[in-house]
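*Asks:* So the protein lines, in turn, are chains L and P. According to the working numbering, the stretch in the first sequence is residues 1 to 114, in order. According to the working numbering, the stretch in the second sequence is residues 1 to 115, in order.
None of these hints come from the bench; they were simulated from the model. Since the structure is predicted, the reported quantities are computational estimates derived from the model, not experimental observations. Mixed in with the good hints, there may be bad ones.
Unchecked claim - Which chain P residues stay away from chain L? Per the calculated CB distances, all over 10 Å, these:
no., residue
1, Ser31
2, Glu44
3, Asp56
4, Lys78
5, Thr97
Unchecked claim - In the EDC-like style, the derived pairs of lysine to aspartate or glutamate whose C-alpha atoms are separated by at most 20 Å in a straight line are:
no., chain 1, residue 1, chain 2, residue 2
6, P, Lys68, P, Glu44
7, L, Lys106, P, Glu44
8, L, Lys106, P, Asp63
Idealized CB from N, CA, C, for every residue including glycine.
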Amino acid sequence: AQSVSQHNHHVILSEAASLELGCNYSYGGTVNLFWYVQYPGQHLQLLLKYFSGDPLVKGIKGFEAEFIKSKFSFNLRKPSVQWSDTAEYFCAVNQWSGNTPLVFGKGTRLSVIA
Amino acid sequence: DAGVIQSPRHEVTEMGQEVTLRCKPISGHNSLFWYRQTMMRGLELLIYFNNNVPIDDSGMPEDRFSAKMPNASFSTLKIQPSEPRDSAVYFCASTLTGRINQPQHFGDGTRLSIL
């Protein structure tokens, strides 16, 4: 069965600091990888996705993630965070065929302070 | 374009009552997923449909939960009778499946509180 591990439960950063959130997955086959963001009281929004090709993917709001197949990792990065990035971030994976359910990590809560 | 539409946004009801959550997927999408989010367990799949057919309902907690998709534009998740432990945020998501992979798009969720 697939599983997703997010290493950090809660991260607190000052504005302009750099961000890296870890994500590792467990699955023997080819997968699609996603990062979703959930602002307080809101629904999940797609930040970025990896299906194939260039392992470095760029998403919205200055976020990027790198797929390292040998490490089963898909870490999320942003060079300089803003207060508005305060949210919960979820890493998710599904099978490459696409029409299968997402398996989510437990989420990482990011708090950005001025 | 309209996104995934869920109703109601909030539901507060007493234990034992029937609860019905509704979802309208994005037009043209042919896969629909119901997820539940709780503090303890995070986001978990309850059930999903491809082309209106239930494919995997192994995530449905017990017989009190049922889901239907009578047509491509509407799905319901019903809990009868409801219990306090069913309190959670329920999300519906949809996607278009085919030759090219697509991400899932989520609705705003229904925040359910069972007293």
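*Asks:* If a hint holds in the structure, say so; if it doesn't, say that too.
*Replies:* For each hint, the structure was consulted:
no.: 1; hint: Ser31; result: violated (5 Å)
no.: 2; hint: Glu44; result: violated (8 Å)
no.: 3; hint: Asp56; result: violated (7 Å)
no.: 4; hint: Lys78; result: holds (20 Å)
no.: 5; hint: Thr97; result: violated (3 Å)
no.: 6; hint: P:Lys68 / P:Glu44; result: holds (18 Å)
no.: 7; hint: L:Lys106 / P:Glu44; result: holds (10 Å)
no.: 8; hint: L:Lys106 / P:Asp63; result: violated (26 Å)
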